[in-house]
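Below are the chains, spelled out letter by letter.
4 protein chains.
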Amino acid sequence: MRIGILTSGGDCPGLNAVIRGAVLNGIKSYGHEFVGFRDGWRGVVEGDIVELPRSTVRGISKQGGTIIGTSRTNPFEGENGGPENIQKMMDANGVDAIIAIGGEGTLAAAKRLTDAGLNIVGVPKTIDNDLDATDYTFGFDTAVSIATEAMDRLRTTGESHHRCMVAEVMGRHVGWIALHSGMAAGAHAILIPEQSVTMEQVNEWVLQANERGRAPLIVVAEGWIPEGADEAYSDRGLDAFGRPRLGGIGERLAIDIEQSTGIESRATVLGHIQRGGVPTAFDRTLATRLGMNAVAAVHDHAWGEMVSLRGTTVERVRFEDALGHLKRVPQERYDEASILFG
Amino acid sequence: MRIGILTSGGDCPGLNAVIRGAVLNGIKSYGHEFVGFRDGWRGVVEGDIVELPRSTVRGISKQGGTIIGTSRTNPFEGENGGPENIQKMMDANGVDAIIAIGGEGTLAAAKRLTDAGLNIVGVPKTIDNDLDATDYTFGFDTAVSIATEAMDRLRTTGESHHRCMVAEVMGRHVGWIALHSGMAAGAHAILIPEQSVTMEQVNEWVLQANERGRAPLIVVAEGWIPEGADEAYSDRGLDAFGRPRLGGIGERLAIDIEQSTGIESRATVLGHIQRGGVPTAFDRTLATRLGMNAVAAVHDHAWGEMVSLRGTTVERVRFEDALGHLKRVPQERYDEASILFG
Amino acid sequence: MRIGILTSGGDCPGLNAVIRGAVLNGIKSYGHEFVGFRDGWRGVVEGDIVELPRSTVRGISKQGGTIIGTSRTNPFEGENGGPENIQKMMDANGVDAIIAIGGEGTLAAAKRLTDAGLNIVGVPKTIDNDLDATDYTFGFDTAVSIATEAMDRLRTTGESHHRCMVAEVMGRHVGWIALHSGMAAGAHAILIPEQSVTMEQVNEWVLQANERGRAPLIVVAEGWIPEGADEAYSDRGLDAFGRPRLGGIGERLAIDIEQSTGIESRATVLGHIQRGGVPTAFDRTLATRLGMNAVAAVHDHAWGEMVSLRGTTVERVRFEDALGHLKRVPQERYDEASILFG
Amino acid sequence: MRIGILTSGGDCPGLNAVIRGAVLNGIKSYGHEFVGFRDGWRGVVEGDIVELPRSTVRGISKQGGTIIGTSRTNPFEGENGGPENIQKMMDANGVDAIIAIGGEGTLAAAKRLTDAGLNIVGVPKTIDNDLDATDYTFGFDTAVSIATEAMDRLRTTGESHHRCMVAEVMGRHVGWIALHSGMAAGAHAILIPEQSVTMEQVNEWVLQANERGRAPLIVVAEGWIPEGADEAYSDRGLDAFGRPRLGGIGERLAIDIEQSTGIESRATVLGHIQRGGVPTAFDRTLATRLGMNAVAAVHDHAWGEMVSLRGTTVERVRFEDALGHLKRVPQERYDEASILFG
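One line per chain: the protein sequences are A, B, C and D, in this order. Going by this note's numbering, the first sequence opens with residue 1, and the numbers climb by one from there. Going by this note's numbering, the second sequence opens with residue 1, and the numbers climb by one from there. Going by this note's numbering, the third sequence opens with residue 1, and the numbers climb by one from there. Going by this note's numbering, the fourth sequence opens with residue 1, and the numbers climb by one from there.
Hints were generated in silico from the structure; no laboratory data involved. Treat each hint with caution, since some may be false.
If chains are identical, the list can't say which one is meant, so a pair holds when it fits in one copy or spans any two.
To be verified - Below, in silico cross-link-like pairs of lysine to aspartate or glutamate (DMTMM-like), each with a Cα-Cα straight-line distance of 25 Å or less:
1. K28 x E77
2. K327 x D135
3. K88 x E315
4. K28 x D335
5. K28 x E211
So that you can see chain A by itself, here it is in the shape it has in the complex (with noise of 0.2 Å):
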């Protein structure tokens, strides 16, 4: 067989292990030939292909990002897009089947185009953990690490400066780095979307921290706003570019932490660190793994299943199962963090 894959969506560390663990499993457990579509899902519908042979996975799982590119390009856009186009494009590069490499929109795409009769299996990724059916995705793992390092660092500035830190992690929709790494940091509050807290709430747990002589460590995911506010609430306005301005609401807090408590308050906008760079033992070892059972969900000709982490196995799970709905931290696992607030 010969087997395409592409990456599609942010980049998230732990792309280039699963691109790895397929082409050395296709090849050596099958004579399976890959190839790669550039820049996700613009690869495919135009037809731009590179090679992989063995060499060019070479020592790679242990380098951030995606050596064949990622972008946000919807396969059914365009006037090559579609599942028709789409398997003319495989046809006449001959390629048998797909594995596609993203999250939720890239795995809804993978489904449409199954559902027409193509034949792609999907590995879920996301660094945000939020998808379903499985326990845990790659990158998460490094994201974490990375946020609780700078989380370290943060406290040392802090405890000298007798400040309240507030460090902003990556979390639109959902809180799991924030939940994840302010545990591991040990922070006096940790903020989620998925929790409505109030001000005075927040503004309470810094004194309590203060009065104990800590320096107020403050998690905030980018999506959550105080309770009664609205999404003005962290608006920095749009850039020149119309787009939304980044690091609103770590800033916003920081400043209405200080107002309110008359304690020195800095935020640090972890942003872009989060998602780069050399990705975690834990991350490495996982994606090769799905990248392996991926490639032998082929060989089985699972066409719309996912390969999913559960407990420390490696299951495949439909793509209607894993979709549609956002793994979200439980209640549960938010009033456990809780305890260890102010």
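Given the structure of chain A, go ahead and fit chains B, C and D onto it with the hints provided.
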């Protein structure tokens, strides 16, 4: 309640996070008090106790080792050992229950003591990840991370000198650290106690990697010996204290590979650096949760049970269901990994 | 002798290693006693003093921040400020001499106080490395390391998405951190306050890198503005406290690059993570030596002098020879670096 | 011009940054061409050459090892060795000049070849920092960082088990790595080849630290032996190839300390991990500058000179002024460090 905590056996990154999680949850959720037994069961049988108010656990979750010390003392030995003496010591110090953090030996002792009527719950601790009834134990992820990072370093030296690099990692009886770090680092062979492999096979993997222009990287768990060899294979004799010298297998293996293949080979024994220092974010979060849940188990009088990670959930398991047999690397996990060898 | 130590101004990795080096050398070589003034000059003018016996400096050289706190208090202000009041406070507390660890402002104050007859020696502290008469200041190497590691991460994201990544680092007045981290990370342009560069030139470097298939990486010190622009260029206005908002130049630059070149661009503001956490080995060794030598300077009654690194040697420099002008990146260092741009 | 580059002797983090700095500066400033000799002098005497266009040095400054390989071949040996043969090889391949990156042996060979009329400039490389006429050599800072981080890890294990931890670091003839990493890690004794110390003194330092409740941390350079001992002291005999086994002194020392003091002691031999992997930012910047300046030296026909760091400046030094004697740790540096022992 007044709860005593002990850490026993080899130290492990995350012990302090367990202690902190337990103390904070106990104080904040239930109003409990805490003491620490110094140096594991030694502190129990000798009544060597230190108070653990909230201030003592401040900021310790990122600190390696254990603030209350550890040892390999057996609580059934000595004139003050055994359940009756220990109960007396508890009564004398007003200790209502014990949280015992330790591995197979510690938990087996805890089981015997609970069978004799003592109030004990357990937290599993094994850097080797060899305890059953739990997906992962804290400390394991840190050990794998350190080993992987070390191998990333060894690799560039190997490539520059066209050498075969042998990395010896922990694992006398099981190969989990070798398996995970070897997969993460892209090793050309992983040798673990569970799997019998001939030197011919090892040399073949080395030569295959070499023929592709790679510097072979071999990971070996300390307890592995080649098929057909006896334990004298890696024997470096006894040191001046009559203890078996460490680091036998790695060096012996490098010599044998060099002799058989003609490829210059070097061994590195990672040793104690695998178990010290700052825990990974994964281990800090896991350990914090285990500590918090151990206190809940005490609150529920769940004597004879330990807390355990299953998927993403912390559950309780009876000691007898976790003890008595090592959690070995299963055949399918080794088969999966070995596809990548050579 | 009884010696008081203070740390003043922005915190900096290595402050604790200076304190430890001073205390240990003072106790072991000369039998001195030590106290710390809490929060810099505030502790001096308010007589807020903490004893610093040997046990308080145990293990602190790897700890970021400062165990005695810091602030920006001016010792000449307030009713208890000025040399006479400070001498009274010293007499009242039996303090014979002061070791002042701080930057330009702190050392200038120390100079005025020594001119008035007080017993003070200095240790230069500036994370920006902008003090004259010393090759490097501690903390700078740590800041450069953190910034470099962050850029290594940004780079893989940039390559995967074919974006231009802009990293904003510290440096309001000088570009040392940008220069060193930019060279270490292989940046395609380094923009520093000392050097006037047009946006046309910046865009040309971006396009050159892009044409070679690279994701352009641009490092900008927070104090840079393009040639011809005024300070309003990077102005994001004031926050609710009337303080200028941080992070202006990076975001503005990314927007301008994207508009001019058509290459998608993203900014990351590294912010406070550059100055916290575990110091590098270089900074720990340097800071320890400076602390030890500061005590020797006290012993020699070298009032009005500071300790300083020259090559590999710690020397003494009179305050007046170090103060009064910033150590800027010299033209030849920028010319050297700029060969690598584009 | 067409310039050949070689890397010779033990690998060292930063070699690739030197190569990149040379190639980029040569191409961009002067329009030179570059080739690499594979595996040091072996590539020279065998004419084993690889072209080094700009694309080959892309992104390599953060990569450990050397992309052109290294070996310990002596260019004066063999039938193709010696100045005349090498000049012929250079002529045959159109190579106008050589940049030789290596240590004492490499530079001594380069000196003999330049004395015979060949066009060679040098870049000093020694991870041990033992070359004279340069403040620091690249790779040293990385080795010190890795050793320091390892000791931070060993320390928490030592404290938890109340053990004495012995860390053996590189340094057969000089103790720079031990000195710097030991100061950075806060070691209770640093043992280096330059300094004769009795076992009684070592044991006293161990006991002093122990009495203050610390877990003693002892750093020993591999070339140290106790005063009065002969080389057999740390002899672990020869391996199957007749090579002296590594790791003798650390283990022997731990045994002797335990026997004399009764304190349980453990040794860790850091070995090859000290010289591989990602270089520190300090080493990347230094190595890049050295490579750039080496090309300028070629441009100036500065044959027989090497580039060297003095303070913050890169200067040129004649081979004869740098060679012939080791740069040892001076007495005053050891005295300074030893104040902190015990």
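Practice item. Sort out which numbered hints this structure fails and list those numbers smallest first. Key: 1 and 3
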